[in-house]
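K.L.:
Sequence:
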Amino acid sequence: MRQRLALLAEHNLTMSAIAQVISTLHPLPGAKDFLDALREKTQVIILSDTFEQFGLPFMRQLGMPTLLCHRLIVENDSIVDFELRQVDQKRRAVEAFKALNYRVAAAGDSYNDTAMLASADAGFLFHAPDNVIAEFPQFPSLSSFSELLEHLSGALDL
0 MRQRLALLAE
10 HNLTMSAIAQ
20 VISTLHPLPG
30 AKDFLDALRE
40 KTQVIILSDT
50 FEQFGLPFMR
60 QLGMPTLLCH
70 RLIVENDSIV
80 DFELRQVDQK
90 RRAVEAFKAL
100 NYRVAAAGDS
110 YNDTAMLASA
120 DAGFLFHAPD
130 NVIAEFPQFP
140 SLSSFSELLE
150 HLSGALDL
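Counting along the sequence shown from 1, when you hit position 154 you're at 153 in numbering that gives the first Met the number 0, and nothing is skipped either side.
I should point out that these hints are in silico values taken from the structure, not numbers from a laboratory.
Given the structure is predicted, the values throughout are model-derived calculations rather than measurements.
Every clue listed holds true.
25 Å max Cα-Cα, derived DMTMM-like pairs, lysine to aspartate or glutamate:
| # | residue 1 | residue 2 |
| --- | --- | --- |
| 1 | 97 | 87 |
| 2 | 97 | 35 |
| 3 | 40 | 120 |
| 4 | 31 | 108 |
| 5 | 31 | 156 |
| 6 | 97 | 39 |
| 7 | 31 | 149 |
| 8 | 40 | 156 |
| 9 | 31 | 51 |
| 10 | 97 | 108 |
| 11 | 40 | 146 |
| 12 | 97 | 48 |
| 13 | 97 | 156 |
| 14 | 97 | 120 |
| 15 | 40 | 108 |
| 16 | 31 | 146 |
| 17 | 40 | 149 |
| 18 | 40 | 94 |
| 19 | 31 | 48 |
| 20 | 97 | 149 |
All chains should be modelled from the sequences, with the hints used to inform the complete structure.
P.N.:
This is the structure:
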């Protein structure tokens, strides 16, 4: 991450310039409908390794689900540092919810999600690349929001 911050400074890329690019992006088609349907059944929390400043525009488009992620330190429109919530925060968040006697079902698409998936009561790969699917066959691999909703609902007895 330090190298990325150095590259931003070297190329004079500001937070507002990055925010402008982010403002042109949209969630996957069907994502909001999926979240709305899931939120009719249960509470939803998104655990991400992104940063608040990058994730907030997407959360607005998705109806403002709770997003737990990291934070950038911005001074005079320059990203000068970052604040990780904690190391391995996705897995640790799942463990904390379980310690509060919540049942947790989780979905992810990459290596950095697998510890979270393993800690959850039920874990699913969603739109994961073939190499992740092959390396983690213990997690069902799903490719549509309807499949994901069905599996999450089943795992949580909704």
